[in-house]
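Chains as they are written, first to last, in this note's numbering: chain A, 104 to 349; chain B, 250 to 422.
In short, the hints are calculated from the structure, not lab data.
A hint or two may mislead.
Derived pair list, reagent style EDC-like, types lysine to aspartate or glutamate, alpha-carbon separation capped at 20 Å [unchecked claim]:
#, chain 1, residue 1, chain 2, residue 2
1, B, K400, B, D410
2, A, K112, B, D376
3, B, K422, B, E323
4, B, K344, B, D376
5, B, K319, B, D376
6, B, K400, B, E285
7, B, K400, B, D385
8, A, K112, B, E322
9, B, K393, A, E131
10, B, K403, B, D385
11, A, K112, B, D385
12, B, K369, B, E285
13, B, K312, B, E322
14, B, K422, B, E322
15, A, K112, B, E358
Covered by chain B, according to a simulated footprint, are these stretches of chain A (three or more residues, beta-carbon under 8 Å) [said to hold, decoys possible]:
#, segment
16, 115 to 128
17, 274 to 286
Note that CB positions come from ideal geometry on N, CA and C, so glycine has one too.
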Amino acid sequence: MEIYSSFIKQIVTWQYELNRFISSTIREINDESSLTTSLVVLGVAFLYGLIHAVGPGHGKALVAFYFTSNKSDYKKAFKMGYLISIIHAFSALIFTFGIFFILKSFFRKNFNEFSSIAMSISAIMIMLVGLYLIYEAYKHRKEKDSKIKKSNKSELAVAFSAGIVPCPGVMTIVLFCVVLGQYTLGILSAIAMSIGMGLTISLAGIFSIAINKKGGSFLNDKSYILEMLGGILVLVLGSFLLMAQI
Amino acid sequence: MKILYSLLLFSMVLFAHPHTFIDVYPTMIVKDGIAENIRITWKIDEMTSSMLIMDVDTNGDGKLDSKESKYIEENYFNIFADYNFYTYIIINGKKIDIPTPTNFVATIENYRVCYSFDLKRKYILKDTAFEFGDTDMYTAMVLKDEFVTIKGGKAVVTGMDNDFYYGYRLEVK
């Protein structure tokens, strides 16, 4: 446990420094120095993402579990890692820009009311995704023959459940850029950060495949259980979001 | 903005590693090994601050007046009661309920939002330790030697390796 603790401490310290570096650098960007500085910011955002995803969360457990229960190769793990991080980045971008522009274009008085409606809509959408995932999982349980199709779909389902909740880390960077009027840089940093996170998440997948190759899989034909779990998770999440609005 | 904040708070359940960094600046005046108050200032990281400023600096002058400070206290600070204000007071090895924060003031310094508040109580310092940290690891509390101001005593800052989060302990010798 002690090794784990100092490991956590190291991750926290790195993020603390990177976070400070990114914010002060973005603020310094002006017309003359923009290109080099922007590139530096993107490089650091990549690193930040890489380290950020090492901490608990970001669907690594889900990915690891998925690959211990499914026979796969390393390529697939990479695909999965990146699928998650792309979904992750997109949801963060959409949420952040959505919220920001709603904020900007509505009067403050109406904002609370409006945002509550917007949030409820997205919560319901998340719940629908959850229901769809559960339905898909149920279907898979029934028709076990279409193996290849199943595997592709269940991968997407896992990636979706892991990635749909926007990463607050990405949202923070994006919003920070947006506040300073650096829209493009905001989007690019989100992408750079997601590439970093994708790498880490992929490694989690690769790791579990490596373990799986030694031990053999224990949930061979039962991947629908995992899909079902993912679906329930997303559904619960949507319900929580919705309840927070009522 | 509140919505974004609640979303962030909500997400911490799912993504339990730091997204917000707070530097903790404790101040105490010690007389005969006793302090009547600990004043704590949180300096919130620039990114999180930028979101807060966007929401609360309604007149956009880059400063927080008493009205804006009050708004922060009610909407953004008091919710930390659920998280014990990330502060634990240990007397004779036992955690006690922390006093309700008073004299809250929010300011902006170098693009960073700062929260200052008092935790008033009689502290017999040889029996007392203060711990700072977020058990959910959503926020990383950072306490460095140079952040501490103790008049009439010597501060000892140690890092705490807790199983799920990293925190800091402050003692006065």
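Structure-based check of all given hints:
Between K400 (chain B) and D410 (chain B), the direct Cα distance comes to roughly 28 Å. Violation of the 20 Å bound is thereby established for this hinted pair. Restraint check: the Cα-Cα separation between K112 (chain A) and D376 (chain B) comes to about 27 Å, which exceeds 20 Å; the hinted pair is violated. In summary, the hint linking K422 (chain B) to E323 (chain B) is not supported, as the alpha carbons are separated by about 35 Å, beyond the 20 Å threshold. At most 20 Å may separate the alpha-carbon atoms for a hinted pair to count; K344 (chain B) and D376 (chain B) meet this at roughly 12 Å.
Between K319 (chain B) and D376 (chain B), the direct Cα distance comes to roughly 34 Å. Violation of the 20 Å bound is thereby established for this hinted pair. Between K400 (chain B) and E285 (chain B) the CA atoms are separated by roughly 12 Å; this keeps the pair inside 20 Å, and the hint holds. Between K400 (chain B) and D385 (chain B) the CA atoms are separated by roughly 32 Å; this puts the pair beyond 20 Å, and the hint is violated. In summary, the hint linking K112 (chain A) to E322 (chain B) is not supported, as the alpha carbons are separated by about 30 Å, beyond the 20 Å threshold.
Between K393 (chain B) and E131 (chain A) the alpha-carbon distance is near 26 Å, which puts this suggested pair outside the 20 Å criterion. For the given pair, K403 (chain B) sits about 30 Å from D385 (chain B) by alpha-carbon distance, which is inconsistent with the 20 Å threshold. The straight-line distance between the Cα atoms of K112 (chain A) and D385 (chain B) is roughly 14 Å, inside the 20 Å bound, and the hint therefore holds. Distance restraint check for K369 (chain B) and E285 (chain B): the Cα-Cα separation of roughly 6 Å lies within the 20 Å cut-off, and the hinted pair is therefore satisfied.
A C-alpha spacing of about 15 Å is found between K312 (chain B) and E322 (chain B), which places the hinted pair at or below 20 Å, so the restraint holds. As the CA atoms of K422 (chain B) and E322 (chain B) are separated by approximately 33 Å, the hinted pair breaks the 20 Å bound. Between K112 (chain A) and E358 (chain B), the direct Cα distance comes to roughly 27 Å. Violation of the 20 Å bound is thereby established for this hinted pair. Look at the segment 115 to 128 of chain A against chain B: 8 of its residues bring a Cβ nearer than 8 Å to a Cβ of that chain, three or more, so the hint holds.
Counting residues of the segment 274 to 286 of chain A whose beta carbon lies closer than 8 Å to any beta carbon of chain B gives 7, which reaches the threshold of three, so the coverage claim holds.
Consistency note: the structure conflicts with the earlier hints numbered 1, 2, 3, 5, 7, 8, 9, 10, 14 and 15.
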